[in-house]
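Asks: Sequence:
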Amino acid sequence: MVRVRFAPSPTGFLHIGGARTCLFNWLYARHHKGQFILRIEDTDLERSKKEYLDEILESIKWLGMDWDEIFYQSQRFDLYREYAKKLIDKGKAEQKEGAVFFKYEFQKVEIDDLIRGKIVFTELPKSEEVIIKSDGSPTYNFCCIVDDALMNINYVIRGEDHISNTPKQILMYKALGFDTPQFAHVPLILSPQGGRMSKRFGATSIGEYQEQGYLSKAMVNYLLLLGWSAGKNREIITLEEAKELFEINDVNKTGAAFSQDKLNWVNSEYLKSQSTKDLTITIEDFLMKKNLLPSSVSKDYLEKVVELFKERINTLNDFHIQAHAFLHDDYEYSEDTKPILEKNISEQIQELINRLSTITTFDKETIEKEFRATAQSLGLKAKDLVHPARVALSGKRVGPGLFETMEVLGKERVLKRLERLVDYWRRTS
RNA sequence: GACCCCAUCGUCUAGCCCGGUUUAGGACAUCGCCCUUUCACGGCGACGGCGCCGGUUCAAAUCCGGCUGGGGUCGCCA
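The opening position of the first sequence corresponds to residue 29 in the numbering used here, with each subsequent residue numbered one higher.
Note that these hints are calculated values from the structure, not bench results.
Predicted model only: the values in this text are computed from it and were never measured.
One or more of the hints may lead you astray.
[What the hints assert, rightly or not] PhoX-like cross-link-like pairs, simulated, lysine-lysine; straight-line CA separation at most 20 Å:
{"no.": "1", "residue 1": "LYS371", "residue 2": "LYS392"}
{"no.": "2", "residue 1": "LYS131", "residue 2": "LYS196"}
{"no.": "3", "residue 1": "LYS281", "residue 2": "LYS305"}
{"no.": "4", "residue 1": "LYS120", "residue 2": "LYS202"}
{"no.": "5", "residue 1": "LYS61", "residue 2": "LYS118"}
{"no.": "6", "residue 1": "LYS409", "residue 2": "LYS397"}
{"no.": "7", "residue 1": "LYS332", "residue 2": "LYS392"}
{"no.": "8", "residue 1": "LYS196", "residue 2": "LYS146"}
[Claimed, not checked] Ranges of calculated distance between the beta carbons of each label pair, as one might list FRET restraints:
{"no.": "9", "residue 1": "VAL426", "residue 2": "SER301", "range": "42 to 52 Å"}
{"no.": "10", "residue 1": "LYS61", "residue 2": "ARG425", "range": "52 to 62 Å"}
{"no.": "11", "residue 1": "LYS161", "residue 2": "GLN221", "range": "29 to 39 Å"}
{"no.": "12", "residue 1": "PRO220", "residue 2": "GLU79", "range": "24 to 34 Å"}
The C-beta atom is built at its ideal place from N, Cα and C for all residues, glycine as well.
Kindly generate the complete structure, drawing on both the sequences and the hints.
Replies: If you want it as structure tokens, here you go:
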């Protein structure tokens, strides 16, 4: 029975790298019908925070993963001390300066890594390692191996930053008479520039991506693409499908640079693949949670707006930004509309208002017909009327097709907004 | 500095294990064309890569070695 674990430390939020390690562990367990254990490494009482723990758990769930067991190292201190005592009794550790040190002799250590093959350490930098700190709390390397052994973890899948911890851990397993698990060190995720992930690189916590309006399925899909490939040139793949295909030895050895562009693309793919009805629910939830949805907006109306924008947004937040004028009446003319606003065609727009107000069926076909007829009678090209009209209706230079926009906005609002532009010209000229 | 890991388009990758089937495939980004009332979507196309040097071999992106480059670790943090 495969038993793997993900061992986050609640001293910070779940970030991209951790999420991906968690994902690979979960996938491996589920693929092999094994068990996935969560172990909270909260031995640093000072820095561990409940707030972080909650968000880590929340993020894991949000990404669609579940766990079979959960342990907290802070509740197991007696156990670690007991095993430290065993090492002392065996003469493999000693107490000094108030702490307990595991002592080991220089020897060759080999790791048979599932992803990298054989890794050989011919020397180690030290000959002792603190296992119980002078305040009585255990150190990471020690509880890690005691727990992995006691929890019957047989596959340790973790970031490659742990490779150099592995030899001393193996020495500890042996000293305690434990079997060593199989190791698989997954590559690190690099910053977009290829270097180390840093605080400077914006939103790195999973929660922040959720906040920005990335879909959990897209997030998982993108994370999957970093260091693993489903083959057959597949880019879009669900957790469920990945569960069938995932094998730990298919994971790459090379570090992968994070790409916001590709994440955006994956997210837009998921946005587009959702039915408008479902996407409307998603967007409604998103906006409500952020208190960005005016109560005047009905579900039916929102659905029509979503239909207009679903192909042109990358994130849910994009919807909020781009569709602003569809949800609120207090919009501004954006900076880039200046060139259009400079050409005062208030008389022509007034004529457009007059003619549109005669339409009884305010649907896009009828609107287009009347609109084009108006343009022609004014001796204007359609687009010379379209652009100012779009600015009038949405405050923006770009957006969905004008006639669809008008239909969704409705006659009353359209006329009011066109008049607003005419007023604007009267005031500024 | 010591130890360790890694090395295919700008980025993510397929191919590498089991050398010839590869004019090295796909995706993102970029650029161009088409569609078009704008943007986006979509369609078509372009650009662009096996880090370098040796070796093994009839044949190397694929095997071996070195170099270079990038990354990680050297905490009574995890």
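Asks: Against each hint, give a clear statement of whether it holds in the structure.
Replies: For each hint, the structure was consulted:
1. Distance restraint check for LYS371 and LYS392: the Cα-Cα separation of roughly 26 Å exceeds the 20 Å cut-off, and the hinted pair is therefore not satisfied.
2. Between LYS131 and LYS196 the CA atoms are separated by roughly 10 Å; this keeps the pair inside 20 Å, and the hint holds.
3. For the given pair, LYS281 sits about 41 Å from LYS305 by alpha-carbon distance, which is inconsistent with the 20 Å threshold.
4. Distance check on the hinted pair: LYS120 and LYS202 sit about 11 Å apart at the alpha-carbon level, within 20 Å; holds.
5. For the hint linking LYS61 to LYS118, the alpha-carbon distance of about 38 Å lies beyond 20 Å, and the restraint is violated.
6. The hinted pair formed by LYS409 and LYS397 meets the criterion: a straight-line CA distance of about 14 Å does not exceed 20 Å.
7. This hinted pair checks out: LYS332 and LYS392 have alpha carbons roughly 13 Å apart, not beyond 20 Å.
8. The hinted pair formed by LYS196 and LYS146 meets the criterion: a straight-line CA distance of about 16 Å does not exceed 20 Å.
9. In this structure, VAL426 and SER301 break the distance hint of 42 to 52 Å, their C-beta atoms being roughly 24 Å apart.
10. About 55 Å separates the C-beta atoms of LYS61 and ARG425, a value consistent with the hinted range of 52 to 62 Å.
11. With their beta carbons about 37 Å apart, LYS161 and GLN221 fall inside the hinted range of 29 to 39 Å.
12. Look at PRO220 against GLU79: about 28 Å separates their beta carbons, and that is inside 24 to 34 Å.
Hint violations for this structure: numbers 1, 3, 5, 9, all remaining hints satisfied.
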